[in-house]
Amino acid sequence: MNLAVLYSRALTGMDAPEVVVEVHLANGLPTFAIVGLPEAEVKESKDRVRAAIQTAQFDFPARRITVNLAPADLPKESGRYDLPIALGILAASGQIPADKLNQYEIAGELALTGELRPIRGALAMTYHMIHHNAAEKVGIQQRAFILPQQSAEEASLVKGATIYPANSLLAVCAHLTGHTEIMPYQSLATEQAFDYPDFNEVKGQSQVKRALEIAAAGGHSVLIV
Numbered sequence: 007m008n009l010a011v012l013y014s015r016a017l018t019g020m021d022a023p024e025v026v027v028e029v030h031l032a033n034g035l036p037t038f039a040i041v042g043l044p045e046a047e048v049k050e051s052k053d054r055v056r057a058a059i060q061t062a063q064f065d066f067p068a069r070r071i072t073v074n075l076a077p078a079d080l081p082k083e084s085g086r087y088d089l090p091i092a093l094g095i096l097a098a099s100g101q102i103p104a105d106k107l108n109q110y111e112i113a114g115e116l117a118l119t120g121e122l123r124p125i126r127g128a129l130a131m132t133y134h135m136i137h138h139n140a141a142e143k144v145g146i147q148q149r150a151f152i153l154p155q156q157s158a159e160e161a162s163l164v165k166g167a168t169i170y171p172a173n174s175l176l177a178v179c180a181h182l183t184g185h186t187e188i189m190p191y192q193s194l195a196t197e198q199a200f201d202y203p204d205f206n207e208v209k210g211q212s213q214v215k216r217a218l219e220i221a222a223a224g225g226h227s228v229l230i231v
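Under the working numbering, the first residue of the sequence shown is numbered 7, with each subsequent residue one higher.
By construction, these hints were calculated from the structure, which means they are not laboratory data.
One or more of the hints may lead you astray.
[Claimed, not checked] Derived DSS-like pairs: lysine-lysine, alpha-carbon spacing no greater than 27 Å straight-line: (1) K209 x K165; (2) K165 x K106; (3) K215 x K165; (4) K106 x K52.
[Stated by the list, open to error] Label pairs and their computed distance ranges (CB to CB): (5) D79 x R216: 28 to 34 Å; (6) A68 x A221: 54 to 60 Å; (7) H137 x V26: 16 to 22 Å; (8) F205 x D53: 42 to 48 Å; (9) G166 x V214: 42 to 48 Å; (10) H185 x K209: 51 to 57 Å; (11) G184 x L35: 31 to 37 Å; (12) D79 x A217: 33 to 39 Å; (13) V228 x K106: 46 to 52 Å; (14) V228 x E83: 51 to 57 Å.
Beta carbons: idealized from backbone N, C-alpha and C, even for Gly.
Work out the full structure, taking the sequences as your base and the hints as a guide.
Here it is, written out as structure tokens:
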């Protein structure tokens, strides 16, 4: 198989649109190109991905590697695409199976050692994954999210989301091959299920509720008279 398709998320403010990560391997002189409006930190992922794959004792294919991050007109930033790009290369080169990749959305920054580092926006990405699937993919199996261990607690705040926390590229590969499965994240806060008051219970008062939300989001003081 020379092509692998995975799913991730971008982050634009509070929105987190879906990003399709396509990895293609072709014959020819070895090159590694990332297209799809990547910013500098995404372009730099080439070196992180290469080192992480080699450190995890996989073969980095000496072929023409093209990574497309779709849609092409959506800017892509941060290192969250490291993990899906690395898994796409391994799947396209036949080193891990590709049949389960459509069951997950994947994000994570790779260290040169293959360890996973936390990412920004785990809550927003998980929230939009759940609501996007519920609105547009009725009857289709709900995807789970593979995230770095340190981002799992934040993502687990979204009700109904299945989060697989991983510490390294090798751990994710072991999960996808069925060798050592990663257990879904269980949040203690979620298990206790505290029943807090909610703004949905307040009728009207839209200006006051908006003022309180802005104050909470920005860490500001608020005085209601």
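Are G166 and V214 spaced within 42 to 48 Å by their CB atoms?
With a Cβ separation near 30 Å, G166 and V214 fall outside 42 to 48 Å, so the hint is violated.
State, for the Cβ atoms of V228 and K106, whether the hinted interval 46 to 52 Å holds or is violated.
holds (48 Å)
With respect to the beta-carbon atoms only, verify the hint that G184 and L35 lie 31 to 37 Å apart.
Given about 35 Å between the Cβ atoms, the range holds.
Could you see if the CB distance from D79 to A217 stays within 33 to 39 Å?
Check passed, 36 Å falls within 33 to 39 Å.
Would you mind confirming whether the straight-line C-alpha gap from K165 to K106 stays at or under 27 Å?
holds (23 Å)
Please verify whether K106 and K52 have alpha carbons no more than 27 Å apart.
holds (24 Å)
Distance restraint between K209 and K165, which requires alpha-carbon spacing of 27 Å or less
holds (24 Å)
Can the suggested window of 28 to 34 Å be confirmed for the beta-carbon pair D79 and R216?
Given a distance of about 31 Å, which is inside 28 to 34 Å, the answer is holds.
F205 versus D53 beta-carbon gap, inside 42 to 48 Å or not
Holds: the Cβ-Cβ distance is about 46 Å, inside 42 to 48 Å.
Does K165 lie within 27 Å of K215 when you go C-alpha to C-alpha?
Holds: K215 and K165 sit about 22 Å apart, inside 27 Å.
H185 and K209, beta-carbon distance inside 51 to 57 Å?
holds (54 Å)
Are H137 and V26 spaced within 16 to 22 Å by their CB atoms?
At roughly 18 Å between Cβ atoms, V26 and H137 fall inside 16 to 22 Å, so the hint holds.
Hint violations for this structure: numbers 9, 14, all remaining hints satisfied.
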